[in-house]
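Counting from 1, position 25 in the sequence shown corresponds to residue 87 in this note's numbering; the numbering is continuous, with no gaps.
Keep in mind that the hints were calculated from the coordinates and are not lab data. For every residue, glycine included, the Cβ atom is placed at its ideal position computed from N, Cα and C. There is no bait here: all hints are sound.
Distance windows between CB atoms, simulated:
{"hint": "1", "residue 1": "K99", "residue 2": "W131", "range": "43 to 49 Å"}
{"hint": "2", "residue 1": "I69", "residue 2": "E117", "range": "18 to 24 Å"}
{"hint": "3", "residue 1": "W103", "residue 2": "Y79", "range": "16 to 22 Å"}
{"hint": "4", "residue 1": "R84", "residue 2": "W112", "range": "18 to 24 Å"}
{"hint": "5", "residue 1": "A130", "residue 2": "V106", "range": "36 to 42 Å"}
Straight line, CA to CA, 20 Å or less: simulated EDC-like cross-link-like pairs of lysine to aspartate or glutamate:
{"hint": "6", "residue 1": "K99", "residue 2": "E117"}
{"hint": "7", "residue 1": "K99", "residue 2": "D72"}
{"hint": "8", "residue 1": "K99", "residue 2": "D87"}
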Amino acid sequence: MRRVRSIAGDSVNLLLYRELERCDDAAEEALWRLNPKLAEWGPVLPAGVWIVLPEVDLQPVAPTPVSAWD
63 MRRVRSIAGD SVNLLLYREL ERCDDAAEEA LWRLNPKLAE WGPVLPAGVW
113 IVLPEVDLQP VAPTPVSAWD
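Work out the full structure: start from the sequences and follow the hints.
Dropping the structure here:
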């Protein structure tokens, strides 16, 4: 597992997108499970917080499109 430090003003979604190039629900859930005390910092992280990144597939699973005619 890889560890990174936050930059001032980072949010979880921004950090995931910058480091993993994805910020979907599966990646975010995996990150929260690895960093349970991360929520104590609030929605905007200060600089220098160490965060363990989850090991997830680089490409998220594409959801099946829903059509009104199905």
